[in-house]
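Put the two chains together into one complex, using the hints given.
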Amino acid sequence: MKGMGCSKAEKRILQDLDEGLGGRERERIEDHLRDCESCRSFRLEMGEMLGSVAADVPEDPGEQFWKMYQVSLDAKLKERELSPGAALGWGWKAAGALVGACLVVAVVWLGPWQEPTPALGDTQRMVALLDDLTRLYGPLEPEDSYDDAAGEQTLGTAYSQVDPERLTFAPWFEVEEESNHLLL
Amino acid sequence: MDAMKDAQLVKEFRKGDREAFSELVRRHSRPLTMMLIRILKDEEEAKDISQTAFLKAFEGLPRFMMASSFKTWLYSIAINAAKDQLRKRRPVTSLDTYESLPDGAESPGTRLDEARKLRMMREAMESLPEKQRATLQLRLYEEMDYKEIAGILGGTAGGARGNFFQAVRSLKGMLEQLR
Numbered sequence: 001m002k003g004m005g006c007s008k009a010e011k012r013i014l015q016d017l018d019e020g021l022g023g024r025e026r027e028r029i030e031d032h033l034r035d036c037e038s039c040r041s042f043r044l045e046m047g048e049m050l051g052s053v054a055a056d057v058p059e060d061p062g063e064q065f066w067k068m069y070q071v072s073l074d075a076k077l078k079e080r081e082l083s084p085g086a087a088l089g090w091g092w093k094a095a096g097a098l099v100g101a102c103l104v105v106a107v108v109w110l111g112p113w114q115e116p117t118p119a120l121g122d123t124q125r126m127v128a129l130l131d132d133l134t135r136l137y138g139p140l141e142p143e144d145s146y147d148d149a150a151g152e153q154t155l156g157t158a159y160s161q162v163d164p165e166r167l168t169f170a171p172w173f174e175v176e177e178e179s180n181h182l183l184l
Numbered sequence: 001m002d003a004m005k006d007a008q009l010v011k012e013f014r015k016g017d018r019e020a021f022s023e024l025v026r027r028h029s030r031p032l033t034m035m036l037i038r039i040l041k042d043e044e045e046a047k048d049i050s051q052t053a054f055l056k057a058f059e060g061l062p063r064f065m066m067a068s069s070f071k072t073w074l075y076s077i078a079i080n081a082a083k084d085q086l087r088k089r090r091p092v093t094s095l096d097t098y099e100s101l102p103d104g105a106e107s108p109g110t111r112l113d114e115a116r117k118l119r120m121m122r123e124a125m126e127s128l129p130e131k132q133r134a135t136l137q138l139r140l141y142e143e144m145d146y147k148e149i150a151g152i153l154g155g156t157a158g159g160a161r162g163n164f165f166q167a168v169r170s171l172k173g174m175l176e177q178l179r
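Protein sequences appear in the order of chains A and B.
Take 1 as the starting number for the first sequence in the numbering used here and just add one per residue.
Take 1 as the starting number for the second sequence in the numbering used here and just add one per residue.
The set of hints was computed from the structure by calculation and includes no laboratory data.
Ideal Cβ positions, reconstructed from N, Cα and C, are used throughout, including at glycine.
Honestly, I wouldn't trust all of these hints.
Derived BS3-like pairs (lysine-lysine); straight-line CA-CA distance at most 30 Å [as the list claims (entries may be wrong)]:
#1 A:Lys8 to B:Lys147
#2 B:Lys172 to A:Lys8
#3 B:Lys147 to A:Lys11
#4 A:Lys78 to B:Lys11
#5 B:Lys83 to B:Lys172
#6 A:Lys8 to B:Lys83
#7 A:Lys78 to B:Lys5
#8 B:Lys71 to A:Lys67
#9 A:Lys78 to B:Lys56
#10 B:Lys88 to A:Lys67
#11 B:Lys15 to B:Lys147
#12 A:Lys11 to B:Lys88
#13 B:Lys83 to A:Lys76
#14 B:Lys131 to A:Lys11
#15 B:Lys15 to A:Lys76
#16 B:Lys71 to A:Lys76
#17 A:Lys11 to B:Lys117
#18 B:Lys83 to B:Lys15
#19 B:Lys5 to A:Lys76
#20 B:Lys117 to B:Lys83
#21 B:Lys5 to B:Lys56
#22 B:Lys56 to B:Lys172
#23 B:Lys56 to B:Lys71
#24 B:Lys131 to B:Lys147
Only some residues are given here: those of chain A computed to face chain B with a beta carbon under 8 Å [unchecked claim]:
#25 Leu14
#26 Asp16
#27 Asp18
#28 Glu45
#29 Met49
#30 Val57
#31 Pro58
#32 Gln64
#33 Phe65
#34 Tyr69
#35 Arg80
#36 Val108
#37 Trp109
Looking at chain B on its own, in the form it has when it is part of the complex (with noise of 0.2 Å):
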């Protein structure tokens, strides 16, 4: 089973075979909950998400048109929910969530200049328009490409390539105001 590809197992658990779904389970849910995380930066609200994206594509498996892959759907379905859960619980909550201080032999006066900008560019990321950061996050953290940005956030390829290098122009002059 470890050498199916997904829309085989998508197949076998059409014909009823608990265990493909397993596998699926198995294979992305580590990554996808890792995103969550870096988006929602709670690790309960992510695990949470993460869930209910696995229990949607659970009952919605049987009518998946298999347009998509199943990653760029389940992934769909669980930014889909993370864009709703951010809606709800705006303004931000703290960026010092998962922060900790960069770890390395520097000083401590270097280190703590280090602390500072990633603070920096944590701020200036969440200040992106909602779009340009998930764009962001998915080619770079993900490493997705651009077709399947766009299958999960809607569009197409060559808009999710000028949304990334929006995001990344917009970051670099924030990063600038922000010094």
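Chain A with its partners taken away, still in its complex shape (with noise of 0.2 Å):
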């Protein structure tokens, strides 16, 4: 007979403790509880629940309590307030921000301890090497090495795929000995 299924109507009964039914829905749950022996104990049941769990409240610390809350509150708030970083509002504490990460950007950016380019100054050691080397010994014997038709070999590049094991130079003109005298 009952209109309304208990499911719905339990939750309508919660509804209605809680926040109260208004107009229709009132007269749907009421005409259900009158048929529904359940539901009743169910809104018995919840409204004693719910009113004891509601007065259920921790008593009042006492005044002392809230004054001493007052007092220790002030002087966390006068800290607060003296220390230097309150004085200034955010935005000013935002643009401070701003420009200490600015500056230490063009201090690691141009600083005087900045090493010239590290790729620029292996490549002309590099070169000089190979100037030095040449002259003593004359050109590298994997002479395709250096084929610049092949286009995209640079030389470090090349001089990296050589094996220093393997290396050898032949010497292309003829070194006379000096007498270690002489240089005494």
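This is the structure in structure tokens:
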């Protein structure tokens, strides 16, 4: 005979106990409750339970507690107000942080301790070394590494492909032996 | 200043009126701390967390976007801190911290029975999932609407209503088991 199922009725009962129902909804739940024993006892139990939960309030800790609360909170607030950061608004803090970050970046990029670009330095040193070696011993044996026609090989990559173990130099002119005593 | 709404006080404070913040403290400190005492069952911890919430509000108000009310924002700061505190001190401490036998003219037997029921109810409350328990507390004790609760705990008003009903049902089920 129930116009509303018990499951739906329970939801409406909770809603009624919590926020209250109005108009048509109230009539419908009242109709249901009139004929449903279990929902009536559900409403009674729920009402009692919510009432006892809501009534379970801790005791007020007393005026002394609230006085101490106010005094210590005021002290903490004053401390915050007096701290150097608190004197500035957040906009100023953000601006300060931005300027600081820019300074750090500028110092890192333009700092006097900057070494020359490593790749350039390495290449220059390598060219100088190869020049010296070529002057002393002639060109390196694996000459195809200098093949410009290959196009993509640079001096650096060509040099790095040479196995130092297999690297031999063919002197292309004779070096006269010098007598040691001339140096002394 | 008494008649001013929270939002107006927030605006005044942002203009530099320190007294406006004091008024916000006067309005919200007691209910907020009482809620924390109810959650934490420790007056000193509740006091510390309540004060920390006000300090955070004091520092954060210049950036506060007013997307929610000041009260919702303040309570969400406090509840998050309380949750952290509870997690730190798990397993749950004694439930008897503010327990006392119910007063009244009933016989000692009835009073003991009431005390037993109260204890069971607190135990059941403690066993509820965190969000359901918080929803129940904000709804029953702070009498907040579901929109406010959602603003504090996250989610939607409908979700908060669902959590409340679920909490009530779970509580009933647990109490039946404990009996």
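Check each numbered hint against the structure and report the violated ones by number, ascending.
-> Hints 6, 12, 18, 22, 26, 32, 36 and 37 not satisfied by this model.
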